[in-house]
Structure formats: structure tokens, C-alpha cells
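Below, each chain spelled out in residue letters.
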Amino acid sequence: MFDLDNTRQIFGETLAEYGVKNKKIVVLAADVSSSVMTTFFAKKNPERFFNVGIAEAGMIDTAVGFALGGFIPFTNTFAALFLRATEQIRTCVAYANTNVKIVGSFAGLSDAKDGATHHSIMDIAIMRAMPNMTVIVPSDSIEVKKMIPLIAEHEGPVYIRISRAEMPIIFDENHKMEIGKGVVMRDGNDVTIIANGHLLSRSLEAADQLNSRGIKARVVNLHTVKPVDKPLLMKCARETGAVVTAEEHSIIGGLGSAVAETLVGEIPVPIKMVGVADTFTESAKDLDPLLDKYGMSVEDIVRAAQQAMKQK
Amino acid sequence: MVIKTKYPPELIKKLEDMARQLRIDVVEMTHCRGQGHPGGSLSPAEIMSVLFFHHLRLDPKKPQWENRDRFILSKGHACAILYAALARIGFMPFEDLKTWGCIGSYLQGHPDRRKTPGVEMTTGCLGHGINIGAGLCLSAQLKGLDYRTYVLLGDGELQTGILWEGAMLTAKYKLSRLIAIVDCNGVQLDGTTEEIMSLEPLKSKWESFGWAVLDINGHSVPELLEALDKARASSGKPTVIIAHTVKGKGVSFMEGKAAWHGRAINDEEYQQAMEELKENV
Ligand SMILES: Cc1ncc(C[n+]2csc(CCOP(=O)(O)OP(=O)(O)O)c2C)c(N)n1
Numbered sequence: 018m019f020d021l022d023n024t025r026q027i028f029g030e031t032l033a034e035y036g037v038k039n040k041k042i043v044v045l046a047a048d049v050s051s052s053v054m055t056t057f058f059a060k061k062n063p064e065r066f067f068n069v070g071i072a073e074a075g076m077i078d079t080a081v082g083f084a085l086g087g088f089i090p091f092t093n094t095f096a097a098l099f100l101r102a103t104e105q106i107r108t109c110v111a112y113a114n115t116n117v118k119i120v121g122s123f124a125g126l127s128d129a130k131d132g133a134t135h136h137s138i139m140d141i142a143i144m145r146a147m148p149n150m151t152v153i154v155p156s157d158s159i160e161v162k163k164m165i166p167l168i169a170e171h172e173g174p175v176y177i178r179i180s181r182a183e184m185p186i187i188f189d190e191n192h193k194m195e196i197g198k199g200v201v202m203r204d205g206n207d208v209t210i211i212a213n214g215h216l217l218s219r220s221l222e223a224a225d226q227l228n229s230r231g232i233k234a235r236v237v238n239l240h241t242v243k244p245v246d247k248p249l250l251m252k253c254a255r256e257t258g259a260v261v262t263a264e265e266h267s268i269i270g271g272l273g274s275a276v277a278e279t280l281v282g283e284i285p286v287p288i289k290m291v292g293v294a295d296t297f298t299e300s301a302k303d304l305d306p307l308l309d310k311y312g313m314s315v316e317d318i319v320r321a322a323q324q325a326m327k328q329k
Numbered sequence: 338m339v340i341k342t343k344y345p346p347e348l349i350k351k352l353e354d355m356a357r358q359l360r361i362d363v364v365e366m367t368h369c370r371g372q373g374h375p376g377g378s379l380s381p382a383e384i385m386s387v388l389f390f391h392h393l394r395l396d397p398k399k400p401q402w403e404n405r406d407r408f409i410l411s412k413g414h415a416c417a418i419l420y421a422a423l424a425r426i427g428f429m430p431f432e433d434l435k436t437w438g439c440i441g442s443y444l445q446g447h448p449d450r451r452k453t454p455g456v457e458m459t460t461g462c463l464g465h466g467i468n469i470g471a472g473l474c475l476s477a478q479l480k481g482l483d484y485r486t487y488v489l490l491g492d493g494e495l496q497t498g499i500l501w502e503g504a505m506l507t508a509k510y511k512l513s514r515l516i517a518i519v520d521c522n523g524v525q526l527d528g529t530t531e532e533i534m535s536l537e538p539l540k541s542k543w544e545s546f547g548w549a550v551l552d553i554n555g556h557s558v559p560e561l562l563e564a565l566d567k568a569r570a571s572s573g574k575p576t577v578i579i580a581h582t583v584k585g586k587g588v589s590f591m592e593g594k595a596a597w598h599g600r601a602i603n604d605e606e607y608q609q610a611m612e613e614l615k616e617n618v
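If you're matching them up, the sequences are chains A and B in order.
One gets my numbering by counting positions in the first sequence from 1 and adding 17 to each.
One gets my numbering by counting positions in the second sequence from 1 and adding 337 to each.
Hints listed in this document are in silico derivations from the structure and should not be mistaken for laboratory results.
As the structure is a prediction and not an experimental result, all values here were calculated from the model.
By construction, the Cβ of each residue, glycine as well, lies at the ideal position given by its N, Cα and C atoms.
Just to be clear, a hint being listed does not mean it is correct.
[Stated by the list, open to error] Below, simulated DSS-like cross-link-like pairs (lysine-lysine); rule was C-alpha separation at most 30 Å, straight line: (1) K594(B) to K615(B); (2) K302(A) to K435(B); (3) K435(B) to K310(A); (4) K60(A) to K594(B); (5) K399(B) to K350(B); (6) K61(A) to K163(A); (7) K252(A) to K193(A); (8) K452(B) to K310(A); (9) K399(B) to K341(B); (10) K198(A) to K302(A); (11) K61(A) to K594(B); (12) K615(B) to K302(A); (13) K594(B) to K302(A); (14) K452(B) to K302(A); (15) K233(A) to K193(A); (16) K435(B) to K480(B); (17) K310(A) to K327(A).
[Claimed, not checked] Facing chain B, a subset of chain A residues (Cβ under 7 Å, in silico): (18) D48; (19) V49; (20) S50; (21) S51; (22) N68; (23) G70; (24) I71; (25) A72; (26) D131; (27) G132; (28) K233; (29) T296; (30) S300; (31) A301.
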């Protein structure tokens with residue numbers, strides 16, 4: 018199948034290297050820098066690394082000050098812990114439209130062991146609801162690597178997820194990325210599966226299984242949840258007539274909602290959403306069995322595709 | 338060293354032995370689970386022993402007894418030692434500790450009040466304990482109950498802003514039945530509290546927020562017994578016990594090291610840790 022990569026380490030190394038070249042980058046940490054691996058940045062660019070202690074809300078406002086002062090601040094903690102700073106992000110980042118980058122690490126269920134307090138199943142919903150916010154969910158470590166310079170050079174607030182778990186390597190160095198542009202991974206005209214993050218590799222596996230049953234599924238990597246790639250979604254809906262979304266997030270407010278909101282008034286095809294079904298999750302030793310238990314298995318995607326096709 | 342104390346030596350010995358036992362339990366659990374937070378679970382062993390095996394008014398047969406003392410593990414990542422203490426006083430079967438963190442277990446990676454008997458509040462994100470404790474104390478006043486609420490905090494946790502909102506609130510309402518204990522081990526996740534965000538002068542910070550402050554050796558059972566009794570007798574002010582401890586206490590290679598904040602224990606390390614802990618029993 019796929020080889021695995023240590024996504025958060027690649028994030029840490031990439032940010033560190035990029036920070037050597039772009040002296041406007043400052044990195045803020047909230048006492049989890051060794052976990053989210055901004056320690057690489059701290060080593061290479063110590064004068065532009067600031068550990069604010071266990072103070073997530075304060076970290077955001079400090080970053081806002083850096084943005085006003087002409088820097089490009091990257092704020093870092095666990096995705097679940099940024100929720101403590103939601104008002105600061107709403108008012109001082111999104112509404113004030115300041116150039117703050119928010120890196121939600123340990124995203125989704127990837128910090129499997131630590132349990133529901135540390136799983137983030139609503140971060141995309143919250144961030145996506147904020148005007149001016151760009152929301153990115155990379156699907157492998159290559160995408161993480163390619164995205165860091167892109168979001169740094171994008172003027173405005175950005176939220177990006179980083180997984181704690183190792184991720185299957187899907188792309189190679191030639192992969193072309195653009196914020197807001199989805200990527201068709203596999204062609205097919207029976208149904209479209211739209212996915213990102215850990216669910217992209219699972220969706221590709223689901224497409225293989227569907228193929229062996231004679232169903233040609235198109236698979237789209239929607240790494241940018243906002244702004245959503247409306248032309249691509251319309252094209253897929255028109256050409257395949259049925260859509261499945263798959264994400265490591267609640268089915269309320271995430272990728273699935275973004276897709277449904279885009280299509281409902283234009284081309285209302287049947288849509289099935291694969292994700293966490295409005296419930297809190299639990300601790301597990303590893304991510305994969307947890308994804309399976311909470312409705313994000315390959316079989317769940319296959320079943321959703323078949324159901325969506327039936328409703329055409 | 339002989340410490341002059343009014344507490345009977347048998348009581349002190351019993352509580353010291355229990356602290357050692359809880360440390361062994363923590364190392365067993367962390368090794369078996371392949372992850373956890375050994376450093377900050379080992380440092381409060383005497384605190385937990387004195388609270389759960391002597392001081393707190395609890396009845397494991399009646400976990401919902403309305404006038405029981407409340408204990409909130411605000412530093413929820415140290416749940417291994419809470420689960421061990423709860424099991425050892427009879428809130429749950431001891432064998433169940435093995436299921437900690439497995440799919441389907443009622444023992445989560447951080448405390449979950451809906452799943453685990455004896456866990457008063459769901460925690461894991463730092464900084465909530467004081468405000469929640471204040472709400473519990475105000476409820477007791479309105480209902481005419483006399484239970485006390487104990488909140489165990491980490492020193493790194495004191496960096497969270499909401500905690501100080503709670504500190505002001507507690508003093509405003511003179512909630513003397515709230516007793517905060519800081520497991521002051523001087524180390525957080527990324528390094529020492531001194532490097533990351535200094536808390537000093539900690540004693541006068543709390544005093545200036547209107548709290549009575551007791552500064553003690555958190556590994557000394559007699560000092561803990563005395564401080565908790567003093568705090569229990571306090572009126573007009575909430576009390577904070579700043580209990581100076583060592584992160585990873587009892588396992589030489591973990592002591593004082595941030596690297597052992599949240600790390601699995603491999604087989605070799607487990608052997609060595611158990612030898613050291615058992616030697617001391
Ligand atoms: C709000 C919040 N921020 C960050 C974390 C991640 N985290 C867990 S434990 C910890 C360090 C805690 O240090 P301290 O309070 O001193 O605990 P101890 O040393 O006693 O383990 C951090 C940063 C968290 N759980 N909650």
C-alpha cells in the first residue's frame with residue numbers, strides 16, 4: 018500500500034528551513050513545542066521563537082501584535098487547544114483580518130491515546146465559519162511541506178491542520194499545489210469521493226474496492242476546505258451525479274458541509290458524508306482502529322458510495 | 338531524620354507506604370499502556386496518598402453521596418495515579434487498570450466523569466479546576482452542605498489566564514472550603530517553569546489574590562497532613578498549599594526531567610524503575 022511518513026517532524030523541519038530564508042517568520046509556542054516539533058525552528062532561528070507558556074488565548078493575541086508589527090506569526094499548539102482561543106481568533110485574527118497563521122497540530126483523532134479532550138472533531142467547522150479565514154487540511158507530508166511557504170506567502174489568516182500520526186505518502190516532490198484548488202486523484206464517472214487528510218488514502222483504497230465491483234469512482238483531494246473549489250465540485254457533481262465526502266472530523270460543519278453548501282443550490286445531487294457522527298470519541302492505542310470504530314473505515318466509504326449511487 | 342509531628346507514626350507509615358505503592362502502580366500502568374504522563378503522575382504520590390487514604394471524606398460505596406468531599410484533578414494528564422488511588426480505595430476493580438486507554442475502556446487517557454466512578458470532573462485541558470471548584474463551593478453554600486472541594490494543579494498549569502480569574506472569584510466570595518494544592522515540581526512539558534514562564538514570586542502572587550498560602554515539602558507526609566488540617570480549619574479565605582515536589586520522584590532517571598513528561602516506558606526502563614521503587618518499600 019502506502020509508505021508512512023512522520024508528518025509532524027516534516028512540518029517542523031520545513032518551517033525551520035523556511036524560517037531561515039524568510040526572516041519575517043516568527044513562531045509562537047504554548048509549552049508543546051517538543052510535541053508539535055517547532056523545536057526545529059527554535060534551534061535554527063532562536064531569536065524568532067517565543068514560548069509563551071500554557072497560554073493559548075494569550076498566544077493568539079501576541080501573534081496579532083506581531084502581525085501588526087509587520088511579521089508573519091505562526092502560532093502552534095494542539096488543534097483541540099486552539100478552541101480556548103476561539104474568541105481571540107474570531108475578533109483579532111479573522112475580523113481584524115490580521116496575517117496570523119494557526120497551526121492546529123495533533124489534529125483529528127491523531128492523538129489517539131489522549132482521548133476526547135485531545136481529539137479535534139470540530140476545529141474545521143469553527144474555523145470555516147469565520148469570514149476571512151483560509152482552512153487547509155493536508156493529505157500527506159508532501160502536502161505539508163509544499164503548503165508551508167504557500168500559506169506564509171498568502172496574505173491573511175490561515176488555519177492548517179497537522180496530524181500527530183504517521184501518514185501514508187501519497188504524492189511525490191512533483192506534486193503541484195495551489196491554495197483553493199482541489200486535485201483529481203483518480204478518474205471515474207459513477208460517483209465522486211471527496212476527501213482530505215487521513216481519509217484521502219482510505220478513499221483511494223475504497224475506490225479500488227469499488228473498482229473491483231465494477232464501480233468507477235472519481236477521487237478528489239480537497240486539501241483546501243475554504244475557499245472551496247466550487248468549479249471543480251460543480252464539474253464532479255455534473256459528471257458523476259453522486260458525491261461522498263470523507264473526513265476525520267464531525268459530519269457537522271466540516272468538509273462534507275462545505276461540499277453540500279456549495280452544491281445544494283446549484284446541482285443538488287445525492288451526498289453522503291463519512292465522518293464522526295456527532296459524538297465524542299474515546300482513547301485508543303492507535304489511530305486506525307479509532308477511525309474504523311467511529312465510522313471512517315474504508316468499508317464505510319464504500320457503503321456510502323453505493324448508497325449515494327442508488328439515490329441518483 | 339525524625340520530624341516532630343502530632344500525627345501517629347503508624348498513620349504516617351501507612352501513608353508513606355501507600356505513596357510508594359501508587360508510584361509502582363503508575364509505572365506498571367504507564368508501561369502497560371505504552372504511553373502516559375509518568376513524570377507528573379509520580380510527583381503527587383504523597384499528596385494523593387494523604388488525600389485519598391486519610392483526609393478526604395469519601396465513601397466508595399456511595400460515589401454520588403451529596404455531601405462527599407470533591408476532588409478535581411485539574412492537571413488531568415496525571416490520571417494514572419488518580420485511577421490507581423480510586424481502585425485501591427474500592428471505586429473499581431484493580432484489574433481494570435490494565436484496560437486504561439484501550440478502546441471500550443471506562444478509563445480514558447484523561448479523566449472522564451461520565452465513565453469513571455469517583456472522577457468528579459472531566460479534565461485534560463489545563464486551567465479549569467479553580468473556577469469549577471468555586472462553583473461547587475458556592476453550590477454547597479446554597480444547599481447548606483459542608484463538603485470541601487480540593488483542586489490539584491500543576492505549576493505549569495498556573496500559567497493559564499482563566500485560573501487567575503478563578504483565583505479572584507474564589508477570594509471575592511471567601512470560599513474557605515476550596516483548597517487548592519499545587520504540585521510544584523518546577524518542570525512542565527517543554528522545560529522547567531523557570532525557563533518557559535517563570536511563576537515567581539509564587540507565594541506572594543497567591544497572597545495578593547487574597548488566598549491563604551502554605552508552603553511545604555510535598556513529599557513529606559507529616560507536612561501534608563498538617564497543611565491539609567490547617568486548610569480545613571481556615572475561615573474567610575481559600576487556601577492554597579504550594580507543595581514542592583520533584584517531577585518523576587522515585588525513579589532516578591526520570592527525576593526533574595521534562596523529557597519524562599509524556600513518554601512511554603520501555604521494558605528496560607521499566608525493570609530499572611521497578612527495582613528502584615521496590616527497593617524503597
Ligand atoms: C490548556 C492546555 N494547554 C496545554 C496542554 C498540554 N499539556 C499537557 S500537560 C502540560 C504541562 C503541564 O505542566 P504542569 O502543570 O507543571 O504539570 P506537571 O509537571 O505536574 O505534569 C501541557 C502543556 C493541555 N493539556 N491543556
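Tested hints:
{"no.": "1", "hint": "K594(B) to K615(B)", "verdict": "holds (21 Å)"}
{"no.": "2", "hint": "K302(A) to K435(B)", "verdict": "holds (13 Å)"}
{"no.": "3", "hint": "K435(B) to K310(A)", "verdict": "holds (21 Å)"}
{"no.": "4", "hint": "K60(A) to K594(B)", "verdict": "holds (20 Å)"}
{"no.": "5", "hint": "K399(B) to K350(B)", "verdict": "holds (28 Å)"}
{"no.": "6", "hint": "K61(A) to K163(A)", "verdict": "holds (20 Å)"}
{"no.": "7", "hint": "K252(A) to K193(A)", "verdict": "holds (20 Å)"}
{"no.": "8", "hint": "K452(B) to K310(A)", "verdict": "holds (18 Å)"}
{"no.": "9", "hint": "K399(B) to K341(B)", "verdict": "violated (36 Å)"}
{"no.": "10", "hint": "K198(A) to K302(A)", "verdict": "violated (35 Å)"}
{"no.": "11", "hint": "K61(A) to K594(B)", "verdict": "holds (23 Å)"}
{"no.": "12", "hint": "K615(B) to K302(A)", "verdict": "holds (28 Å)"}
{"no.": "13", "hint": "K594(B) to K302(A)", "verdict": "holds (25 Å)"}
{"no.": "14", "hint": "K452(B) to K302(A)", "verdict": "holds (18 Å)"}
{"no.": "15", "hint": "K233(A) to K193(A)", "verdict": "holds (25 Å)"}
{"no.": "16", "hint": "K435(B) to K480(B)", "verdict": "violated (39 Å)"}
{"no.": "17", "hint": "K310(A) to K327(A)", "verdict": "holds (25 Å)"}
{"no.": "18", "hint": "D48", "verdict": "holds (5 Å)"}
{"no.": "19", "hint": "V49", "verdict": "holds (6 Å)"}
{"no.": "20", "hint": "S50", "verdict": "holds (5 Å)"}
{"no.": "21", "hint": "S51", "verdict": "holds (6 Å)"}
{"no.": "22", "hint": "N68", "verdict": "holds (6 Å)"}
{"no.": "23", "hint": "G70", "verdict": "holds (3 Å)"}
{"no.": "24", "hint": "I71", "verdict": "holds (4 Å)"}
{"no.": "25", "hint": "A72", "verdict": "holds (5 Å)"}
{"no.": "26", "hint": "D131", "verdict": "holds (4 Å)"}
{"no.": "27", "hint": "G132", "verdict": "holds (4 Å)"}
{"no.": "28", "hint": "K233", "verdict": "violated (35 Å)"}
{"no.": "29", "hint": "T296", "verdict": "violated (12 Å)"}
{"no.": "30", "hint": "S300", "verdict": "holds (4 Å)"}
{"no.": "31", "hint": "A301", "verdict": "holds (5 Å)"}
In summary, the numbered hints that this structure violates are 9, 10, 16, 28, 29.
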